[in-house]
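Undergrad: Dock chains B, C and D against the given chain A, drawing on the hints supplied.
Here are the chains, one letter per residue:
There are 4 protein chains.
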Amino acid sequence: MEPKTIKKIGVLTSGGDSPGMNAAIRAAVRAGFYYNLEMFGIYRGYEGMIQDDIKRLDSKNIAHVLERGGTFLKSARSTEFKTPEGRKKAYENLKSHGIDALVVIGGDGSLTGAHLFFQEFGIPSIGLPGTIDNDLSGTDSTIGFDTACNTAIEAIDKIRDTATSHDRLFFVEVMGRDAGFIAINAGIGSAAAAILIPEKKMPIEHLVEKLKIRSKAKKSSNIVIVAEGGKSGGAGEIAEKVKKFLPSYDIKVTILGHLQRGGAPSSFDRLLASKLGVAAVEGLLQGKYDVMAGLINNKVVYTPIKKAIVDDKSVDEEDFRIAKILST
Amino acid sequence: MEPKTIKKIGVLTSGGDSPGMNAAIRAAVRAGFYYNLEMFGIYRGYEGMIQDDIKRLDSKNIAHVLERGGTFLKSARSTEFKTPEGRKKAYENLKSHGIDALVVIGGDGSLTGAHLFFQEFGIPSIGLPGTIDNDLSGTDSTIGFDTACNTAIEAIDKIRDTATSHDRLFFVEVMGRDAGFIAINAGIGSAAAAILIPEKKMPIEHLVEKLKIRSKAKKSSNIVIVAEGGKSGGAGEIAEKVKKFLPSYDIKVTILGHLQRGGAPSSFDRLLASKLGVAAVEGLLQGKYDVMAGLINNKVVYTPIKKAIVDDKSVDEEDFRIAKILST
Amino acid sequence: MEPKTIKKIGVLTSGGDSPGMNAAIRAAVRAGFYYNLEMFGIYRGYEGMIQDDIKRLDSKNIAHVLERGGTFLKSARSTEFKTPEGRKKAYENLKSHGIDALVVIGGDGSLTGAHLFFQEFGIPSIGLPGTIDNDLSGTDSTIGFDTACNTAIEAIDKIRDTATSHDRLFFVEVMGRDAGFIAINAGIGSAAAAILIPEKKMPIEHLVEKLKIRSKAKKSSNIVIVAEGGKSGGAGEIAEKVKKFLPSYDIKVTILGHLQRGGAPSSFDRLLASKLGVAAVEGLLQGKYDVMAGLINNKVVYTPIKKAIVDDKSVDEEDFRIAKILST
Amino acid sequence: MEPKTIKKIGVLTSGGDSPGMNAAIRAAVRAGFYYNLEMFGIYRGYEGMIQDDIKRLDSKNIAHVLERGGTFLKSARSTEFKTPEGRKKAYENLKSHGIDALVVIGGDGSLTGAHLFFQEFGIPSIGLPGTIDNDLSGTDSTIGFDTACNTAIEAIDKIRDTATSHDRLFFVEVMGRDAGFIAINAGIGSAAAAILIPEKKMPIEHLVEKLKIRSKAKKSSNIVIVAEGGKSGGAGEIAEKVKKFLPSYDIKVTILGHLQRGGAPSSFDRLLASKLGVAAVEGLLQGKYDVMAGLINNKVVYTPIKKAIVDDKSVDEEDFRIAKILST
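Chains as they are written, first to last, in the UniProt record's numbering: chain A, 1 to 328; chain B, 1 to 328; chain C, 1 to 328; chain D, 1 to 328.
Just to be clear, a hint being listed does not mean it is correct.
Same chains, same names: a pair is fine if it fits in one copy or spans any two.
Said to hold, decoys possible - No more than 20 Å apart at the CA atoms, straight line, and that leaves these computed lysine to any residue pairs for SDA-like: (1) Lys218 with Phe33; (2) Lys8 with Tyr34; (3) Lys88 with Ser248; (4) Lys252 with Gly234; (5) Lys313 with Asn297.
Calculated directly from the structure, the hints in this document are not laboratory data.
Okay, chain A solo, but in the shape it has when bound (with noise of 0.2 Å):
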């Protein structure tokens, strides 16, 4: 497409926060200084668009703010975003202010939100994938996955000091929606006895199996690593099933929950973060719109949002048969 010509940017997180938005805004805003653009925060997502919670950022609101977890620029669900009445009224409330383009920093819902915005209005927008889960398309890895990862492991550390200590059975539930990307890493990180995820089935009967054989080798602790989207149920429910086959064990339940979305994000999440920052500005720039910004090998790619957010991504069977190889 022909660029457009951009002289101010608003920049919004929307949905569920994840570690490196932070760093994600400060790249771009300090990215449109370099360019001599105005950059605009806009607060609480498209909440934020639609009643006009907009202020422009100088280098003061973005110091500090690189290694903090959350978003400062704040996250709110828009229910009235999703109507064309709402969308009207944000479309003008960012005319009001002069801006000629959008960074939108999210998950898939805020990138459909981008992406409809830019269908019906025009506005140029690039999305930054930012996200625990990693269940995006058209990126290696989404803002806040690596950090995710590294807290899970970190409880997990701690988890089985306690199950080694008491020859115990944990089951850990971590998070990711319907993706076992945490899951996955968090458990051939802890040397888990297994790891139960979205793609993949395991018949309760096939874990016990796994768990007695464990016993008798008398490895010392047991961790069984659930994600949170899994059809054969949490953490929770499927201890319980354990149990039934395994009443003499000594089981227990912990479920990680919201710890994993904040802290300090790590160092290849402040530079995935800064780098798709930068390439979001550049991006918009030399007119690439409706594209979200990724890091594929290493490089920056953009790929349409509509086919970043068909969410085909899945576990690498790869991925799986080290797991096994690591749990056997």
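TA: Chains B, C and D alone, transformed into the frame defined by chain A:
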């Protein structure tokens, strides 16, 4: 009591594990070596004493354990030790190794076992307060409590990132059994909106009122800390009740769970455990039996076990007052 | 002293920053609000007082600061405050804002400033011990000391991984100015082979002898903790000397440096700072002037500043004895 | 090459240790068991091979090592292995144990040893890139690099607390030998004012100019990252030079040092090490000898060792560009 001649000391950990137990074992063993004693590890608590899971320890056994969570001597429940026959068997195993005295590290149940054993067989023993719950008298702080508080606030710091990004209300449940020590410390330390602990009933209406006032003051995040043993129910139940009063709030619940028991011990717990490990061995050599060694005002104090386990320790009223002032 | 009417309190941090200063500021400000006072932030310590860098604080200013290292009020050295003219200017600025009293958070230099200011102008002031060095009397622990000890042992835990993998001898220098508190805690907490602190001279020959004995006992790693202010020199110098005696040893030096000053405060420091922040405001309202608020045996104690800064606090002999037993 | 029959594999770590080495050892050993091989640990690298410090490993040896920094097989320098006699002795020891093949984990020196050994004695061997420096070709990332970057940014985050509180200029020296990978990642990840790396000369005047501009823009903290192997000197030297130009600046230097080598490996390094450990054993079984297994674009790639150790890997120009945009 006239000190008996002690040449061989057995060390065991029992009950729920806590960070710093390894540091305490190491200190006791190293103090034993200093006084030219033979030191034995009794594995898996009283159960291992009955099953003769007892090994002589040398300095290699205690290398690189100080900094690790859990207990390398392992811990286990023993129903058999609750019977006179079980204790008889345990006693005979000790005698067969020539073990003259015991150091028992654990919570009230573990110390009760040591007390009973001393009454029945006259085996000199000293208990050390090893529990994250801080619910033992005779010491300002139990081994593991400080680490558990740090683990809790680090997790809550992460949750706050998310709470703030979304203007959410989080109910976070921390451990502590029937005592609110972790809750009050984590609550003050994480700027909680409210702290619900077993020692103090807070009517749900008061809590709702407090949250409403904060909402008006536009506090951007609200974290309510709930101690696990509270009469008003766990974090899930309380969240349900509050939800009825505040249906528009975006409410989430996280139960920190067992990760609070693990992890590398804090500097405070390493020091406490090191001092008490030495105090246990020196106390035995001085004829102090059937007591718990604790640290009060940074001095070693030996309290009769019977007195230490009568749990009259509860959260300081002054700490409440501070919490109230700070959360207004 | 008969309490004066106090309506406006200024808070400042001065000297080297320490983790927990923000928590102390927040607690003081929040306590001020609780007692319906106006609270002012004096930025950049005494320098800002002279330059009238003073702003009224509201609850937004102290949101999300409790958990952050450093001091949002900033700190600076002021040579001008050491002159009568400088202090006069500072006093006039306070008067122009109507500030009736001061809370000064910092080390001995900072408290000396407060004392002098009180003597000259009669401005009621309370000092809080904010320093990682723990070198102030009138409190068991200074704000930031516990966090610095945790930072030190976490760093040493990492160094030990490498020391053990290579059978190396490491000299690790920790902070503490003229006091060995961080060194002794970090030394006991990291199973150090030896601890060199300013309070206690250890001839180089003794150290060498100790290392040789350990070498014979096949201890796989040797970490020697050196306090920065020791008379025998820093870690680098001592390592050089030891090298001459033990030329075959693989010796490395790490100076932990300023990272010990930063980081999120520990649970202990958050609690200590919160209690002392409240105590500062309540003390002022009760007419306690020219004193430092500290926590002794977990009770708030107000000590005349003149007495608190006379540094007769040194590492407990008992701690040495423990360190010696544990490193044999 | 036609695969030889391999039944017994020896694993060793050599050179500087890096976080994830234990995870790589574990993965190789576990993969060996999966393929019904006997696995041997060669302790203390090539030195242990010469001194016959070789033990058969069972599953107990590799329990609870994945999450630990360093290498439980230990590492050592061997001057003797550099002589034909030394290598002959090493070869004979391998033969006496019936060891058919080697997995060598380490940096370029270690891999060079494996290459030479293969040339001389035809012992099939596969190298794994174990170094924090990321200076090996044939893999996107070396084992330990990601963890070292995380350790660096966590330390710098703490230093920033202090830098910001005092408006200070900090020079922080990070590791990386002759490569600037840690420096560029840590620099982008910590919002550094400037990054000095061996691959790129920055005249001192440019640096001073940059710092002056930032000073005018009232940036409250300035952190300059210096890679250890830079031609302009270490952090201390550069700080001295800058001091001459900017005498009024409050300048501090911190050399992060060996703590960057230790610590629990990150999720990324655990996964990388696990995959490569399996790839080493599977590669040997498939007849891939004298190669290094690496991960490029998330696929296992076997590169001739001779090619992998020719260090033509240097920091990506694009990363510089990003760093420049973000630090303006």
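Undergrad: Look at each hint and say if it fits the structure.
TA: Hints and how they fare:
1. Lys218 with Phe33: So Lys218 and Phe33 pass the 20 Å test across copies only (16 Å; inside, 60 Å).
2. Lys8 with Tyr34: within (13 Å within a copy, 44 Å between copies)
3. Lys88 with Ser248: neither (62 Å within a copy, 25 Å between copies)
4. Lys252 with Gly234: Both. Shortest intra-copy (13 Å) and inter-copy (17 Å) distances satisfy the 20 Å Cα cut-off.
5. Lys313 with Asn297: Answer is both: 16 Å inside a copy and 16 Å across each meet the 20 Å cutoff.
Going through the hint list in order, the structure does not satisfy hint 3, though it satisfies all others.
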